[in-house]
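Those sequence lines, one after another, are chains C and R. The first sequence runs 1 to 217 under UniProt numbering. The second sequence runs 1 to 217 under UniProt numbering.
Treat the hints with care, as some may be off.
For chains that are exact copies, the list does not tell them apart, and a pair is met inside one copy or across any two.
Distance condition first, Cα-Cα at most 27 Å in a straight line; then the derived DSSO-like pairs of lysine-lysine [claimed, not checked]:
#1 Lys8 with Lys136
#2 Lys100 with Lys141
#3 Lys55 with Lys156
#4 Lys141 with Lys55
#5 Lys44 with Lys100
#6 Lys141 with Lys31
It should be emphasised that the hints constitute simulated quantities derived from the structure, not laboratory data.
2 protein chains.
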Amino acid sequence: MYIDYRLKQPILYSYFRSSCSWRVRIALALKGIEYEYRPVNLIKAGGEQHSENFKNLNPLEKVPALVINGHTLTQSLAIINYLDEEYPQNKLLPVDPLMKAQVNIVANAIACDIQPIQNLVVLQYVGDEKKAEWGKYWITKGFTGLEKLLSTTAGKYCVGDSVTVADLCLVPQVYNANRFKVDMAEFPLISRINQALCQLEAFQISHPDNQPDSPQH
Amino acid sequence: MYIDYRLKQPILYSYFRSSCSWRVRIALALKGIEYEYRPVNLIKAGGEQHSENFKNLNPLEKVPALVINGHTLTQSLAIINYLDEEYPQNKLLPVDPLMKAQVNIVANAIACDIQPIQNLVVLQYVGDEKKAEWGKYWITKGFTGLEKLLSTTAGKYCVGDSVTVADLCLVPQVYNANRFKVDMAEFPLISRINQALCQLEAFQISHPDNQPDSPQH
């Protein structure tokens, strides 16, 4: 039997406070893609991402995972790239190779250089006593370079005046910065861009506080 | 005066042992792009990447940086994506969105989840006493998931039988694993793919030992 997977609603495996999950939630919102939300509690009972069921879905034992068009995709930037090609409304990556490189540079400066070092698994390994200092140190260090980088690329948003994948990485990273009590007054440009983005509906409905698994919900 | 930047040789700022620099060196070799190599010593005198001159080139104070077609690009994956669009010979990313997503998932599993945690700056912060254990722990953990992921995507190489950006991330990461004495016998699939890739000329000429700034050179 032929199944038209396009007719099936995608399923997002997500944790409300996971910044990588939030990136994908923003993309889905901007693209206007309806989806089923399935919470994966990264904390409870050692973490549901390590369960046998979830391991079968994502051997990397991480959220987000998106089941879409008959396939399971993982890694937030890979998912967002896929969505941007298959659902071209509200493009998140410019077509011009140089502009695209600029967007990818900013996105990767966050997704490869800042977020991974203050990720949950690293913080758990560093330990309760040191994790607040650790998170604050690495985000502050990363934002110091990012602030300078953005001064060469920013318009209204991270790169020019359109929302790109760089912005999808920025807002969840600033949210983490605030959790770790980073002094955002040191980063006026990041703060200004973050504020502009937070006014957009897609960033609001995808916010951790507005997810089904949030205690705030 | 009109300058045809295509006629100017690109300049790669690189450190022989930087795994992110190595990724780009492989791409340049596979594409057959001639370039000038400018070493940036990440260790000497606190690190040349923090010099005023280099900061002006890359505010993130990291290698690699590639000056090409009149622009300075940073972040290895952003550079490789750009090269793949502008120099389409030996494509490193499939055109099909789903295949491309699979390649990006593997590449990001290394570039966002493994390499950043055992990066030089993190190791320096962790300190001389603990850095060997730290590096071995995170690479072993990352490779455990990666081995399972590759069992769903691999052919001769990481994804199918063509060399992709995933392979450009794999070989430098295995090199780091060996430096940190990771037991590679635990990872037969990663080892098999790595061996196949290491037979290719582009991976050999880009190897740390064969760079002008290597003590082996």
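So, going through the hints one by one against the coordinates:
| no. | hint | verdict |
| --- | --- | --- |
| 1 | Lys8 with Lys136 | neither (42 Å within a copy, 42 Å between copies) |
| 2 | Lys100 with Lys141 | within (25 Å within a copy, 32 Å between copies) |
| 3 | Lys55 with Lys156 | between (40 Å within a copy, 24 Å between copies) |
| 4 | Lys141 with Lys55 | between (33 Å within a copy, 14 Å between copies) |
| 5 | Lys44 with Lys100 | neither (39 Å within a copy, 34 Å between copies) |
| 6 | Lys141 with Lys31 | neither (33 Å within a copy, 35 Å between copies) |
Hint violations for this structure: numbers 1, 5, 6, all remaining hints satisfied.
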